[in-house]
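Novice: Each chain is listed here by its residues.
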Amino acid sequence: MVKLRVNGEDRSFDGDPAMPLLWYLRDELALVGTKFGCGVAACGACTVHVNGDAARACATAMGDLDGQQVVTIEGLSNDGGHPVQKAWRSQNVAQCGYCQAGQIMQAAALLKQTPNPTDEEIDAGMQGNICRCGTYQRIRAAIKAAARGAV
Amino acid sequence: MARISIEQPSRRLLLQGVAAGGLLLALRLPAAAVEAAPEAKYGADAMPHGVVRDPHVFVSIAPDGIVTILCHRAEMGQGVRTGLPMIIAEELDADWAKVRVRQAPGDEPRYGNQDTDGSRSTRHFLQPMRECGAAARMLLEDAAAARWGVKREEVAARNHEVVHAPTGRTLGYGALAADAAKLRPPALEAIRLKDPASFRYIGKGELGLVDNFDITTGRAVYGQDTILPGMLFAVVARPPVFGASLAAVDDGAALKVPGVVKVVRIEGTPAPAKFQPLGGVAVVARNTWAAMQGREALKLRWNDSPHAGYDSEAYRAALTETSRKPARRLRDEGDATDALAKAAKRVAADYYTPHLAHAQMEPPAATARIRDGACEVWTSAQSPYSVRGEVAARLKLPIEKVTVTCELLGGGFGRKSKCDYAVEAALLSQAMDGQPVKVVWTREDDIQHDYFHTVAADHLEAGLDAEGRASAWLHRSVFPSIGSIFAPDPKHGMAFEVGMGLQDTPFAVPNLRIENGEAEAHTRIGWFRSVLNVPHVFAMQSFAAELAHAAGRDQKDYLLELIGPPRQIPLPQGTEPTQYWNYNEDPRKYPVDTGRLRRVVELAAEKADWGRSLPPRHGLGIAAHRSFVTYVATVVEVAVDDQGRVSVPRVDVAVDCGFFVNPDRIRSQMEGACVMGMSLAMKSAITFKGGQVQQSNYTDYEVCRIDDAPREVRVHIVPAGIEVPPGGVGEPGLPPFAPALCNAIFAAVGKRIRELPIAEQLKA
Ligand code: FES
Ligand code: FES
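Residue numbers (UniProt numbering), protein chains in the order written: chain D, 1 to 151; chain A, 1 to 764.
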């Protein structure tokens, strides 16, 4: 039995310990804000926070989550008011939006560690998150806006 | 031979049908039927179900004044859910803060055409949506005048209320809604549109995206996200080689996987299968993970396929060989053969572009439930009405018994015009006695079983006179046709394929010949953003720069000289196959206008400060093209380091899309097109060996990431009044990017790229 917290709520899981967190969130908890993009930790669409650090839910086995804290896009703020979320709206970053939950979770983790990232630090921090619509320029601008507190 | 079996709509309708996903029978139309076709229809009128402008269909107003506007076109990132409702809100004089947008279900008889591809939504619906909003405003004014018992001319709508000018009385839209709902909309001729000078939303680009909040909080729902009570989850093992059928399946181990409920065989449809599934074996389970594990445990044997020999290397050699031999002529002006023979200098080059996968971020997914003889589908689809048609045909239900709820698309790019995944979901719900089943495509499924962007070989030859001016131009393109998914392989390009950057070559060269050679399709070919413009413009615009180099001239100046003086190019209006398609728009309304093409070249060059001094190993390249009746020129600055690594510090894009609605989304589409252009220029390729796709995920089918995307894309929009009809925006930004990049690379390091992707070509 795996006991974990998801967005502040206690949960327990006794299924296949090899099941990735992604499918537990999406299929069992109906937390579908965390997206499926590749399943092999290559795109970042499924990015969540585990104990405050960005993690790929598709490559995180349920068996490894006992006692851990998971936060998904639904739990990043209760009113969409996280500075990164606000910056994303002010820059109209999204196109299709499918990658953006992952981008936002990754950016929030980056800014927590590096409150004023340089372009190179943004590249390094966000390199694992693909946006096929090609919103990178606005993602960079939004991260800088959030870092400046200009939202 | 079976010819027309259903009806004989006009040729244009049929041509449209290809892009629109309609039945493709035009290929077999006898010549006489073509000649006898009724007067051509264009634009929205030529689309199935045309346009609807009834305000009662699109607009509803609650007593509290909240205006709900339906968006009937699919949102896939192009911003249509903001743009079309903005047009209605503008003419309605609504307060945008009180506007909500809802997505219409798939129902073309009610909403008009919903087939969201071909960069058509604003082009076809700007006018009807203006008329719809204006009619709604007039109904509110009528209701207010009646309520007050005053003359119609004394009242006017103003920002969500109607004002009685003589007395200053006002009534809010909410208070008038119930009365207005009972009124008949005005006749089309009676509709009074706003003066565009008074627009406050259209053309401004100041409104946030309607889905911003939901997207940034994880509430936005896509086709992968459907949740229904009692829902099951499925993944499908599809034939590894196109055309292979299942020989045998051993599902013993799969059924033992905890959570697996059933293994179901899906019959494939013999080619041409249009949008019907490839067939295979589905594993239905209690969650996606169990279904995936079950699929791993299947033991499958497949029959041989006639396409088992498909090998990209051998195919490329054959395509290239064909491209060097005379072929079907699509345009023939002057005498290119003679002019080439007499030229002071001859230049020839071969270009090659591979298959591509769309690789939109959201892999295909659909959920279906069958109850009381009716099938409900929830999915992300570019053409929800064709989902209904395909599902109905497969389940043998009348189309009225199939409904489609349209979720957001996590990217489309043409992939989600083809609804094979929705048909799979319907078949699986049927196999599960109507229980809801969600079919999830994994990324591997998506990359391996796409409707691939075609592969193309383009051969160009030119003759230059003593002054370096082009006296002859020959462009021959060879590629397997999208027509092969709709009908027996036509082996030549369809009108809409050769009409994209081949037949419409905009150059003022006296001896010009355009040809299209024969090629066979060995996989599912489908349209991908910008379609055939991608290979054709890569070749045409690279070759233009090669000629500039051969003539010792500046690329930009030479390009302008090739384009020649401002004029409208008369393109063939004869019969198939040589008739020019013109994106199915009226050539009188949307001519090929070299003046507009020149203007974007000049604007991009000016904004990019063409000729500016650059650091060593940096270079500027330019390319321009009209596609989807919009003109785009792109200037790329590239840097190639001494290891051959390529980066793009800056891009300037000039776009003339006629009258425009939301400049913020024009910018975002151009920005995105440059990133996609960078991906296909630098990295992406689908290759086949033994009939199988050799790539499977973003690990080996690579696309740009933040660190290798163009750093800054500056977008310059040509202003235009309402009298300039709108052009497309979603696609036209893509074609010029790759040739502009390759021309820049040549300027930076003197290496000419003739094959995409660049991959390791610049590495020492
Ligand atoms: S789905 Fe997890 S990284 Fe792509
Ligand atoms: S916004 Fe569409 S994939 Fe990023």
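Source of the hints: derived by calculation from the structure; they are not laboratory data. Just so you know, even glycine gets a beta-carbon here, dropped at the ideal spot from N, CA and C. Just so you know, not all the hints are guaranteed correct.
[Claimed, not checked] Derived CB-CB ranges, DEER-like:
no. : chain 1 : residue 1 : chain 2 : residue 2 : range
1   : D       : E121      : A       : K396      : 44 to 50 Å
2   : A       : R184      : D       : A59       : 15 to 21 Å
3   : A       : A318      : D       : A59       : 40 to 46 Å
4   : D       : D64       : A       : P196      : 33 to 39 Å
5   : A       : L188      : D       : V40       : 52 to 58 Å
6   : A       : S245      : D       : A59       : 33 to 39 Å
7   : D       : D64       : A       : R645      : 51 to 57 Å
8   : A       : K751      : D       : R148      : 49 to 55 Å
Novice: A separate judgement is required for each hint: does it hold in the structure or not?
Specialist: So, going through the hints one by one against the coordinates:
| no. | hint | in the structure |
| --- | --- | --- |
| 1 | D:E121 - A:K396: 44 to 50 Å | violated, 59 Å |
| 2 | A:R184 - D:A59: 15 to 21 Å | violated, 59 Å |
| 3 | A:A318 - D:A59: 40 to 46 Å | holds, 41 Å |
| 4 | D:D64 - A:P196: 33 to 39 Å | violated, 60 Å |
| 5 | A:L188 - D:V40: 52 to 58 Å | holds, 54 Å |
| 6 | A:S245 - D:A59: 33 to 39 Å | holds, 35 Å |
| 7 | D:D64 - A:R645: 51 to 57 Å | violated, 37 Å |
| 8 | A:K751 - D:R148: 49 to 55 Å | violated, 41 Å |
Checked against the numbered hints given earlier, this structure breaks hints 1, 2, 4, 7 and 8; the rest are met.
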